[in-house]
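Each step along the sequence shown adds one to the number in full-length UniProt numbering, with nothing skipped, and position 344 is 344.
Heads up, none of these hints are tricks.
In silico DMTMM-like cross-links for lysine to aspartate or glutamate, where the CA-CA straight-line distance does not exceed 20 Å:
id: 1; residue 1: Lys296; residue 2: Glu284
id: 2; residue 1: Lys424; residue 2: Glu380
id: 3; residue 1: Lys105; residue 2: Asp182
id: 4; residue 1: Lys368; residue 2: Asp103
id: 5; residue 1: Lys413; residue 2: Glu388
id: 6; residue 1: Lys296; residue 2: Asp244
id: 7; residue 1: Lys424; residue 2: Glu388
id: 8; residue 1: Lys368; residue 2: Glu106
id: 9; residue 1: Lys418; residue 2: Glu382
id: 10; residue 1: Lys115; residue 2: Asp103
id: 11; residue 1: Lys368; residue 2: Asp182
id: 12; residue 1: Lys105; residue 2: Glu502
Hints were generated in silico from the structure; no laboratory data involved.
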Amino acid sequence: MPLLENTGRRMRGGQGMLPGFSHLAYAPSRGGFDEMTGADGALRPHWRDFAENLSDLSRPEMRARWDRGQRLIRDNGVTYNVYGDPEGMDRPWQLDPLPLLMDGKEWAGIEAALKQRATLLTLILADLYGPQRLLTDGKLPPALVFGNPGFLRPLHGAGVGSGASAVRPLQFYAADLARSPDGGWWVLGDRTEAPSGAGYALENRIIVSRVLPDFYRGTNVHRLAGWFLKARDALIGMAPRNPDNPRVVLLTPGPYNETYFEHAYLARYMGLTLVEGEDLTVRENRVYLKTMEGLKPVDVILRRTDGGFCDPLDLRGDSTLGVPGLVGAVQAGTVAVANGLGSGLVESPAFMPFLPGLCRHLLGEPLKLPGVASWWCGQERELAYVLENLHRLAIRPAFSVQAPVVNAGRLSKAERAKLADRIKADPIRWVAQESVTLSTAPAWTGDRLETRAVTVRAHVVLTRNGPEVLPGGLTRTAAPGSLSVSMQEGGGSKDTWVLSDEPVPAVSLLSSRAAPAKTVRGSRDLPSRVADNTFWLGRYLERCEDTTRLLRAAISRTAEGAAGGGDPELETVLGLFAVMGHIGLDDPRADHEAQDERVRELLIRNMDDAAFIGLRGTIHNMQRTATIVRDRLSLDTWRGINRLDDRLLALGPGENVDPDDALAALNETIMLLSALSGLASENMTRGPGWRFMDIGRRLERALHALDLASTLLLAPDGELGPALDLVLDVSDSIMTYRARYLAAPQVMPVADLLLSDESNPRSLGFQLARLMEHCDALSAYRPDRMFTPEQRIIMSLLTGVRTLDLSVLTLEDDAAPGEVRLGDLIGTMRSGLWDFSETLTRQYFVHAAEVSEPPSAFVELLATKERGA
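Work out the full structure: start from the sequences and follow the hints.
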């Protein structure tokens, strides 16, 4: 059965269902405006072609298409952090595959109104942070400004007035739009602090165009890329110096912010450097980026951190997200910030009732797009009106756009009285607004179509040539059964298609600029924090593989073991897991049944994502680290990392896992990890990011080789065979050994493969040789050409391995004169590798003169060392 039966375009009586929607029970809401259907039940003209195409899809085909869309969301890592949600940063972005269609002529009117509004708010900000004539002329009450925490006093006069040196206080603007029941549009709220949503709108377009490619190609939809090209050019044009090649960074609060995905996405898409506050420092009123090569000047900051948190020195002293001294740099004019610090002032809904008068005063014309009716309680007459009509109004804090709105009409009489008392106690902090009935649009629920209330967040960038509006924006949908739109309360989103009567040319962000680019090979402008996290990403990737191989060895030996006495190989691998902290230190020498219980314990620990050293816990640590540097990762790499946990998650809790299913999942995990290794080896340019990730991998693999060597010390007297077999199996060296020796495993040849053979990519010697190469490359730019501390450490360890005489190696505690105890060798090498890691951290990841506490990676390093992991 087709999704839409193409039997007509007018709604029938009764429930008013469209004929094409009748089997899906789509019934537009009564009393409001439906985006797809008119009051007479007919499809709106700009929806007709889309509906005809939709009529050709069956429900199973639509489900299959949307399954692909959800997989794209998962693979691309599109997330939105709902605070308090158990999924946290891993909560997938909620997207409806059916777009919201906008008539091009209607959008042209909205576009003109948005340009006017952005210009108006820019003029208001320029005045309030400059001459403040709006206050002295009585156009705005002083309490609205000076009582607003969004007014940042240190920024008053900081280059936002008039004249040639003035800085535009508003570079990016967004408006939340809703359609009234009569079909007109109004503004629900202005977003001037750090407006989000444009990146999500772009990702929505990419996904929906792949889910409905035939629909998209057959429709003249305005493209989005051109707007981002103008936005990037606008940022470059803000640079106070170095206009030809300015350094532009995107300042994010970090991965726990609700829209962090968008921050990383925009940084990668627009070619910006993603930074957190700790990546920047201010010296002599100039902002610098901390890189592994030293401090690099920053010209432009696109901030996604709220203004008050941007400088703990001059603004909020409790902020850990900002850059001390940033306000001073802004005042000195050495850095441009978009949006300007303090721009969130006019985001307050308390400004909305004043905008019509201010528009006539500043622009000499009426406001083209009205705001929802609002009353600021800081005025006597408005306060009286609000208290008298409280039961019909929605109440919200005047100076917070994040605080929930209270529908006073739904409160009890006693609750309304308490609310009235709160308003009267501090009236300037409250705004009342008319309750809004939102328009609705069809949404796909996975099985049928339902109505959802919708709003549109439209975006504007202010360029040298005037405001430019994103042709579409982010449509947000209400949660099922809700009439209000909130992403934090379970709402979703749609793509927004602005239709054109003519073919729309394609635009790429890779369009050539007028000035030819200077050819560059390589860059050492890697932020220290990014270097730190890529290093740990490499460590976690290798740790995942090591744990997976060991766990596979344990489970396979359980399946192969005989009844009765315990299996010697399983005994060895359990002993190694115990030393590594995965299970308790009980005596592994037990019967087969007891060993099975220990393996079950291993499965439970490793399938627990809360266990730090378990497999899933390590995968989650790796995914979180990858999230922090995702703007540095290719999409293929991100997809591979994102898929790692899927197969293990499908197994369920460890106590219910079948060993055969676990083996299959572990084999697939090793294949995925091998694919990630291949991507890094074949696709990453040999810059510092790749080097630090590979250093992390080589360090972790070297430590794992030492762990495997220690199994020879765990083996019972006279039972080295099982331990040697385990070493060859886990180090993936069985075929190499058999090809070379054609004999049962012996200590010296196995030790050579594991420790000394630099042709074996699993050996300790191979890892040390690669680490030496990386250290040489990192130190190549040092002017003194002296060996660095980390070079000396690795050189010493590598020399020790290369000069090791395996014929004098002994497993015994009591070594004869001239013999080398394996335990001593392992201890020396392990200690040297830890020293190397700590030295590397101090050399490249920590600016010791600028921090008072050790970085998180160093703390984790020490904690891991104490655990013996």
